[in-house]
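Going down the list, the sequences are from chains A and B.
Just add 401 to the spot in the first sequence (first one is 1) and you have this note's numbering.
Just add 78 to the spot in the second sequence (first one is 1) and you have this note's numbering.
Any given hint might turn out to be false.
As the list claims (entries may be wrong) - With a Cα cut of at most 16 Å, we get these calculated EDC-like pairs of lysine to aspartate or glutamate:
#	chain 1	residue 1	chain 2	residue 2
1	A	Lys504	A	Asp408
2	A	Lys504	B	Asp116
3	A	Lys499	B	Asp132
4	B	Lys148	B	Asp108
5	B	Lys148	B	Asp116
6	A	Lys499	B	Glu179
7	A	Lys504	B	Asp137
8	A	Lys499	B	Asp137
9	A	Lys499	B	Asp108
Honestly, the hints are just simulated from the structure, not real lab data.
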Amino acid sequence: SQQGEEDPQALSIQEGENATMNCSYKTSINNLQWYRQNSGRGLVHLILIRSNEREKHSGRLRVTLDTSKKSSSLLITASRAADTASYFCATAGGSNYKLTFGKGTLLTVNP
Amino acid sequence: DGGITQSPKYLFRKEGQNVTLSCEQNLNHDAMYWYRQDPGQGLRLIYYSQIVNDFQKGDIAEGYSVSREKKESFPLTVTSAQKNPTAFYLCASGTGSHEGEAFFGQGTRLTVV
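Generate the whole structure from the sequences, applying the supplied hints.
See the structure below:
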């Protein structure tokens, strides 16, 4: 079964606006990661947040993690048309390094 | 260049045939993964390997087989037992620790004809 579930499934915004995507998961984790996928391509790693961290920044990306609620959010500020892609959260936990993904959020940024 | 390479990019299979998808990495990563992606389903884990000569079933292993004879290579065979093999297949590699990210290949799109 898939560990993470992203919300919303699809998001459409105008260039310059902020985009927020959420991820919920079910079991304890060591870290949570966010990836981006352009249509028909492989995934690209964006950011990793450890289970003992609450917030992390990387450029226009801001990730938060609430382990008590088993949830994370990805904020993309000042969005650009080039940010149009699917975004996935992935969780890693337990003794085996099993990396499991959610179904993703399709973000469309309109110019 | 360091990276992870999947081949072929497109693959067509007749019903009842086995096919093997190639995945090679030169990143010196211990862990390798195979995922299947269907529209609206996200990525589902087929098999993963943390070390040479060892691999574990993921969530949807039925109808698939793998081998890990070399650190660099993790081929996936889609057998005739897989009833609905048409999908986009993604291979990834990582350090195998809880700190590392995964690096993905560009995928193989398999179509049953």
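Going down the list of hints, with the structure as the test:
| no. | hint | result |
| --- | --- | --- |
| 1 | A:Lys504 <-> A:Asp408 | holds (9 Å) |
| 2 | A:Lys504 <-> B:Asp116 | holds (10 Å) |
| 3 | A:Lys499 <-> B:Asp132 | holds (14 Å) |
| 4 | B:Lys148 <-> B:Asp108 | holds (10 Å) |
| 5 | B:Lys148 <-> B:Asp116 | violated (29 Å) |
| 6 | A:Lys499 <-> B:Glu179 | holds (12 Å) |
| 7 | A:Lys504 <-> B:Asp137 | holds (14 Å) |
| 8 | A:Lys499 <-> B:Asp137 | holds (10 Å) |
| 9 | A:Lys499 <-> B:Asp108 | holds (13 Å) |
Comparing the model with each numbered hint stated earlier shows that hint 5 is the single one that does not hold.
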